[in-house]
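> Residue strings, one per chain:
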Amino acid sequence: GQQVMQIPQYQHVQEGEDFTTYCNSSTTLSNIQWYKQRPGGHPVFLIQLVKSGEVKKQKRLTFQFGEAKKNSSLHITATQTTDVGTYFCAVRDNQGGKLIFGQGTELSVKP
Amino acid sequence: NAGVTQTPKFQVLKTGQSMTLQCAQDMNHEYMSWYRQDPGMGLRLIHYSVGAGITDQGEVPNGYNVSRSTTEDFPLRLLSAAPSQTSVYFCASSYSGAVDTQYFGPGTRLTVL
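Residue numbers (my numbering), protein chains in the order written: chain A, 1 to 111; chain B, 112 to 224.
Derived from the structure by calculation, the hints contain no laboratory data. Yeah, the Cβ is synthetic: ideal placement off N, Cα and C, and Gly gets one too. Mixed in with the good hints, there may be bad ones.
As the list claims (entries may be wrong) - Just so you have them, the derived chain B footprint on chain A, three or more residues with Cβ under 8 Å: (1) 20-33; (2) 52-66; (3) 69-77; (4) 87-95.
To be verified - Where chain A lies over chain B, by a calculated footprint (3+ residues, C-beta under 8 Å): (5) 125-134; (6) 180-187.
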């Protein structure tokens, strides 16, 4: 079945620093989704990428889908304490209709 | 709309007990799924359903049963609870499938002693 590796597992930054998390797959992906989970909360959808080389922005967040559609990244510029949480990528399994999540990157921001 | 609801919020079981985690959605979504979340393991898919009457296994289905008799409800049954099933369980739903936005419930925190 489909697997996706997400790195790093943890990231501690000073407020104002940038942050990036990466998702990598050994196979070509049809699409990739990104979710954010605040501490004690549930995952919330951020965005979906579908096209090769696609770049989407949401305020300070930039999402990229690799040209080969095997990797993706989420970059946060000038982190704020409100960015704290765990960021997950999720991909559709290429053998069926299920959605598989990466292990997540936990971001902590020191004020 | 209430969205995706889960009950109970917290549950403590003894080893060997059985119980059902409830999940309901009022958005007329066809696709529903159950995940468990453990530290360092991310979200792992237990079972999913693409519509009423249809269920399939995810990554970690052992020890769990599901059924989907209606579009709205997707209960998860633990047959004989084990300490390894201590986890936070999330139910999610989407309009038509894995490529759609997933809406998650608030979660059930389960402890098995």
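> It remains to establish, for every hint, whether it holds in the given structure.
Hint check results:
For the stretch 20-33 of chain A, the stated coverage by chain B holds: 3 residues have a C-beta nearer than 8 Å to a C-beta of that chain, and at least 3 were required. Against chain B, the stretch 52-66 of chain A contributes 0 residues with a C-beta closer than 8 Å to a partner C-beta. That does not satisfy the three-residue criterion, and the hint is violated. For the stretch 69-77 of chain A, the assignment as covered by chain B is violated, since 0 residues bring a beta-carbon within under 8 Å of that chain's beta-carbons and 3 are needed. Evaluation of the coverage hint for the stretch 87-95 of chain A: fulfilled, as 4 residues show C-beta separations to chain B shorter than 8 Å, against a requirement of three.
Proximity of the stretch 125-134 of chain B to chain A, defined as three or more residues with a beta carbon under 8 Å from a beta carbon of that chain, is not established by the 0 residues found. Residue count for the stretch 180-187 of chain B with a Cβ under 8 Å from a Cβ of chain A: 0. That is fewer than the three needed, and the coverage hint is violated.
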